[in-house]
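Number of protein chains: 4
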Amino acid sequence: MSSDATGIFINETHTSAAIWQYRVGKMLLEGKTKFQTYQICEIPRFGKSLFLDYNIQTSLLDEYIFHECMSQPAMTLHPNPKKVLVCGGGEGATLREALTHRTVEKAFMVDIDEELVDMVKIHMPEWHRGAFEDPRTNLVHTDARQWLIDHRDEKFDVILSDLPNPHEDGPAQLLFTEEYFQICADAMSDDGVFAMQAGSANENYPACMASCIKTLESMAEVFPFVAGYYGIVSTFFQPWGFVLASKQHDPLALSASEIDARHKVRGVSNRYCTGRFNQALFTLPEYLLRAVETEGRILTDADPFVWDA
Amino acid sequence: MSSDATGIFINETHTSAAIWQYRVGKMLLEGKTKFQTYQICEIPRFGKSLFLDYNIQTSLLDEYIFHECMSQPAMTLHPNPKKVLVCGGGEGATLREALTHRTVEKAFMVDIDEELVDMVKIHMPEWHRGAFEDPRTNLVHTDARQWLIDHRDEKFDVILSDLPNPHEDGPAQLLFTEEYFQICADAMSDDGVFAMQAGSANENYPACMASCIKTLESMAEVFPFVAGYYGIVSTFFQPWGFVLASKQHDPLALSASEIDARHKVRGVSNRYCTGRFNQALFTLPEYLLRAVETEGRILTDADPFVWDA
Amino acid sequence: MSSDATGIFINETHTSAAIWQYRVGKMLLEGKTKFQTYQICEIPRFGKSLFLDYNIQTSLLDEYIFHECMSQPAMTLHPNPKKVLVCGGGEGATLREALTHRTVEKAFMVDIDEELVDMVKIHMPEWHRGAFEDPRTNLVHTDARQWLIDHRDEKFDVILSDLPNPHEDGPAQLLFTEEYFQICADAMSDDGVFAMQAGSANENYPACMASCIKTLESMAEVFPFVAGYYGIVSTFFQPWGFVLASKQHDPLALSASEIDARHKVRGVSNRYCTGRFNQALFTLPEYLLRAVETEGRILTDADPFVWDA
Amino acid sequence: MSSDATGIFINETHTSAAIWQYRVGKMLLEGKTKFQTYQICEIPRFGKSLFLDYNIQTSLLDEYIFHECMSQPAMTLHPNPKKVLVCGGGEGATLREALTHRTVEKAFMVDIDEELVDMVKIHMPEWHRGAFEDPRTNLVHTDARQWLIDHRDEKFDVILSDLPNPHEDGPAQLLFTEEYFQICADAMSDDGVFAMQAGSANENYPACMASCIKTLESMAEVFPFVAGYYGIVSTFFQPWGFVLASKQHDPLALSASEIDARHKVRGVSNRYCTGRFNQALFTLPEYLLRAVETEGRILTDADPFVWDA
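Chains A, B, C and D, in that order, are what the protein sequence lines are. Under our numbering, residue 309 is the last one in the first sequence; the count climbs by one each step, no gaps. Under our numbering, residue 1309 is the last one in the second sequence; the count climbs by one each step, no gaps. Under our numbering, residue 2309 is the last one in the third sequence; the count climbs by one each step, no gaps. Under our numbering, residue 3309 is the last one in the fourth sequence; the count climbs by one each step, no gaps.
Treat the hints with caution; some may be incorrect.
Stated by the list, open to error - Every beta carbon over 12 Å from chain A, so not counted as near; a handful from chain B, in silico: (1) Glu1126; (2) Asp1143; (3) Val1222; (4) Asp1250; (5) Ala1302.
As the list claims (entries may be wrong) - Calculated lysine to any residue pairs in the SDA-like style (CA-CA distance at most 25 Å, straight line): (6) C:Lys2032 <-> C:Gly2047; (7) B:Lys1106 <-> B:Arg1152; (8) C:Lys2048 <-> C:Asp2134; (9) B:Lys1026 <-> C:Gln2036; (10) A:Lys32 <-> B:Asp1004; (11) D:Lys3121 <-> A:Glu30; (12) A:Lys26 <-> D:Asn3055; (13) C:Lys2247 <-> C:Glu2105.
Unchecked claim - Derived list of chain B stretches under chain C, where covered just means 3 residues or more per stretch with a C-beta under 8 Å from a C-beta of chain C: (14) 1010-1016; (15) 1022-1034.
None of these hints come from the bench; they were simulated from the model. Ideal Cβ positions, reconstructed from N, Cα and C, are used throughout, including at glycine.
Isolated chain A, as found in the complex (with noise of 0.2 Å):
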C-alpha cells in the first residue's frame, strides 16, 4: 500500500515548509568522498537515484528532463559548437548530452569531486552512457573557476555550468555570482552560449534563479540576451529552474523547424527539449517575471546567493 509508514526513507529539507521522504527500495551505494556524502538507491517509481548531502540529485525517471535543459538549449543555441566545457556535472550526464551534437570537437569537464566522479563511472553507467570515455572528452579535477581563469584563451562556444546550489560554506557559493559569471564570458568565443542550474523555479523559493537572472541581465554588454527556463522534475517535487545567456544569438528567435533541423543534422534526438517545446520552455510563468523585480539582486563574490531551502 503506497501510505505504509513503514521503511527506509531518506528525508530531504525543502525549506521551513516541509519534510520530504523518499522511500528507499533498496540502498545499493553509500560513501562519502572529501567533499560530501553520497547515497545511491532505488526509489519506488523514480528507480535508481543519487543522494548527496541527504539532497535528492537524480533519477532516472527524469533525469533526461534535467540534463537536456542542462545542456541542450545552450549547444542547440549556438550555430556550431565546437568546443565545450562542463563546470561540475559529476554524473556525467550534462557531457553526455553536450556529446550528442556531432560538431563537438572537445569537450571538457571540470569537477572537483575526483572520487565522486569515480564511483559514477563504475555505478551510474545508466548516467553517463561512455561520455567518459568519449576521445573528444576531457575530464580535469579542480576548482572550476580558477580553471577557467588559467583556461581564459580556450574560448569555449558554450559553457555548461552545473554546479550544487550555493549553499552556506559549500563549494560553490562563488560559482553564482556576477565574477563568475564575467570570469565565464571571458573564456568563452565570441558567440559563445552560457547556461546554469539556478535553483527552484517554483513560487516557494525563486529567489535563487530570480537574482541569477537579475545578475545575468545586469551584464547585458557581455550577454545581451539573458533567458530564464525550467524544466519539470518530478524528481525534485518543483520545477527547477535554468539560465541561459548569449553573446549573439538569441534563442526565442530559433523556430521549431529551425531547432529540429538542427537536432537532426547533429544527429540529437531529445526527449524534452524539442522544437515543439521550444517556446513553451522559455516562458516564464509570472511569479517568476515578478520575483526577478521583487527577489531578485545581483550577486557578487562580496554578497552571494545564500541557500536556505
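With the hints as your guide, set chains B, C and D onto chain A.
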C-alpha cells in the same frame, strides 16, 4: 532552522515514492463532515492552508494558480459566458474566478458537502472573497452528476469540474468518466466550454490526466477541441493538470492580445492565466503527450480511474 | 490501519538516534506562554496528552505513573508530612498526589508559568482534579529557587521537584545543581524528604539521572539516604528516572505492609507505587548503577547538566 | 545537531499511536530471505543494529539485556541444565547466553530461516561470538513446532522460545498457543524450565504478554510455576516482556546469593540478570497484573494472538 525535525506536521503520501511532511506553524481549525475530515492550518511560507482527508488542497501562496487554471481558460475562451456551473469547488475560489467575468449572469455551484462549504464561508474568506454572496450565485448541495441530469435544459455556457480526485470508495469516481462528460455536454449550450481538474501533471503519476485527455478526445463529435494544460502549484509539490473540452471554440486559436482584450472588457485581471502565457499554458511537455498514448485509457462508469497516488 | 503514514503528527527527537512521530487524533488546543509553546491533543491509545515545546509531557494513559512516582514515595516515606512544596508541576497532578495524604495541612506549588497553569486549570481537569481549589493549596508563580531562598523558614516536610529537563537556555538548568539541592535542604524540616524527576532512565541517555544521583550522594552529611528509582512511562517511550534524598528516613527500610498501612490510614490508594512494588521500584538495573560510576558527575551552578536528548 | 530532520531513517510503527524513525548512520547490509527482509545498519548511540521486516530486533547498545532475559533466568533456575533448546533465536545470542553455563552438554537451535542465520554467522559476530561453532551446538533449520513433536524424547532441561511476534500471516502465530506450550512441556525433562519472549511490557500494548501469562497459568498441572518479567530494552523504546514457566523449580525461591553462587560455579557473568536484581526482575508493575486479568486470554491454535502493534 529549516531542517528542524521537531514540530507538528501533516503527512501526505505521494505514490509509493514519498511521504511529504508539511510543517504546521499553527493549527487553526479541525473538523469532520459527513464526507471528509478537514484541517485549516498555517504552513511556513505557504500561509493558511486547507487539508481534506490529509491531502493538501490549497494554500494562500498559490491558490490563485490552481483556481485561475480551473476557471479562467474556459471562461476566457467562451465569447460571452452568461451561465456558468461549478461542480464541486468547495472553497468558493473557482466560483470567485468565474464571477470575475462581467458577462456572467447566473453562476451555479453544486457541491455535495454542505458542512464543508458552511465552514469555508466563515473560515476561508481569503478564498471565496464574497462569491457566495454574489447575487448571481446559486449554491446547491447535492450530487453534481444527478443534478446535471435533472438540469440539462439549463444549457450552461461553461462547466467547471473542480472535483476531488477519483479515490477508491470516494464520491468522485463517476465524475471522471465518459458518461459524466456526456452528461456535461448535454447540459451545455451549443458552443459550451468544459474544463476539469485532472490530477497530477508530473511524470511520476500522469495516468489520470492522460486518461481524461484520451477519454475526452474520444468524444470528438461532442468536443472537437480538447486541450490539456497544467499549472505550477508549488503547494502540491507537482504541476497540476487540467483538461479543457470545447464544442466550437479552439483554445489555441486565441491570440495573446485577444485574450488580454477579453480580460480587459470583462474586468478580469489574472496573475497566472495571462495572454502572454496562454500558448505556453497549453503546450504540454513531451512526457505528457507520450503518457496519453501509453498510459491513457478511456474511462467509463464500468471501468473508472482509481486514484492511487 | 496502524501503519498508515498519513495524518497529523507531533515530532519529537530522542537523542541523535531517533525521531518519534506521535499521531494526533485531534488537536484540542494550541498556545504559547511567555516560557513555552503547548499543545493539548488526543493521541490514539494514549488519549488526551500535553506537549510543551514539542516534548510530550503526559498522557491520560499513564500520567498516574509519572505523578505517583513524582510524589508518593517521598510522601509515604515521611511519617507525618504536614507541609509540602511542589516546585514546578504545572499540570497540578503532582500536587494532587501529595494532597491524597490526609496528613497534609499546607501545600505550596511554585510554578513560574502562570499562563500555563491558568490554561491547565480550565483544560486539564483530568490531571489536577480540583487540587488547585483545595483549601490547603497555595499557588505561587515565580522562580522556585529564589522563592525557596526567601521561604527557607517554612521548613517543609516534603519537597517535590517536578521541573522541566535542564535544556540549554531553558529555565531549569540551575534547578538541577548541588547549590539548588542545598537550598532545598535548608528549607526542609530535620527529617524532610526531597524527590525530583531526573530525566531518562534508559541506557541510551542515563547521564542526567546518573549525575543527579551522584550529586545528591556527594551531599551525604545533608542527605544520608539517596535512592534512585524509575517509573515505566509508556508515553515517554522510555523508563523515567527519579531520585529521592532523605535527611533521616531510609526508603528501603519500609516494608510493603508498613507502606500499605500508611496509605490506608492516610486515605491513599495508589495504582503504581504500592507496598508490593516498593522494593522493585527502588532496585535500579545494573546499567544505571554503572552509569552513576562512569557518566555521573557532580552538577554545580558553574557546570550544570545540559540536556541534549 | 540531534534534531536534524535530514538523513536516512528506518521507520517502524508502534500501534496507531506513533511512528518511530530510527536514524541510520550507515547502512551496512540489506537483504531478503524466503521469510523476511533484513537490514544491518549503524544507529547513532545504539550502534550496529538489525531490522527484520522494518522492526528493530537488536542493537549493540543493549542486546545483552534482551538476550540475558531470554536465556539467563531459566538457565539459572534449573539446577543442572545439560540439554538446552533454543527455538528461533536467529542472531545466535540466546544460544550464546545458554552456552555460558558450563553445565550444558548439548544445545539445539531450531530456526526456520537458514539464509538469515547464514548471514548472521558472517555479519553479526558481535552477537553469536562463536556460539554456532561451539562443539555442543546443533543447528537445525526447520519449523520449531514440528521438530519438537518429532524430538519429544530429547527431554530438554531448558527450552528458550525466542520467536518473532505473532504477526498476522507470520510464521509464529502457532508458537504462542496452549498447544505449542504443551508440546514444549512434553519435550522437557521432569524438572524442565521454559522461557519465552512475550511481546511488549508497556501499558500501551500489554495484551500479548498478558495472554501468554494467562495461558501458561491455565496449565498449572504442567507448569505450577509461572512468572512474567521484563527487560528494559532502550532500543525497543519500551520494556520487553518474558514469561518463565517451570515444572518444579520456583524462580522466586532462589535468593540473590544462590543465584550468584550458581553463576560463579558455572562460569556465568551477567550484566543485567544478576542475583541482586532477580527479585526486581520478577516483580511486575501493577498495570501488568491488571492486564493479565482484564486483557489476558487463553491463546489456542483455533484462536491465537494476532499482533497489531
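Checked hints:
{"no.": "1", "hint": "Glu1126", "verdict": "16 Å, holds"}
{"no.": "2", "hint": "Asp1143", "verdict": "27 Å, holds"}
{"no.": "3", "hint": "Val1222", "verdict": "27 Å, holds"}
{"no.": "4", "hint": "Asp1250", "verdict": "18 Å, holds"}
{"no.": "5", "hint": "Ala1302", "verdict": "25 Å, holds"}
{"no.": "6", "hint": "C:Lys2032 <-> C:Gly2047", "verdict": "22 Å, holds"}
{"no.": "7", "hint": "B:Lys1106 <-> B:Arg1152", "verdict": "15 Å, holds"}
{"no.": "8", "hint": "C:Lys2048 <-> C:Asp2134", "verdict": "24 Å, holds"}
{"no.": "9", "hint": "B:Lys1026 <-> C:Gln2036", "verdict": "14 Å, holds"}
{"no.": "10", "hint": "A:Lys32 <-> B:Asp1004", "verdict": "23 Å, holds"}
{"no.": "11", "hint": "D:Lys3121 <-> A:Glu30", "verdict": "23 Å, holds"}
{"no.": "12", "hint": "A:Lys26 <-> D:Asn3055", "verdict": "16 Å, holds"}
{"no.": "13", "hint": "C:Lys2247 <-> C:Glu2105", "verdict": "21 Å, holds"}
{"no.": "14", "hint": "1010-1016", "verdict": "holds (count 4)"}
{"no.": "15", "hint": "1022-1034", "verdict": "holds (count 4)"}
Hint violations for this structure: none, all hints satisfied.
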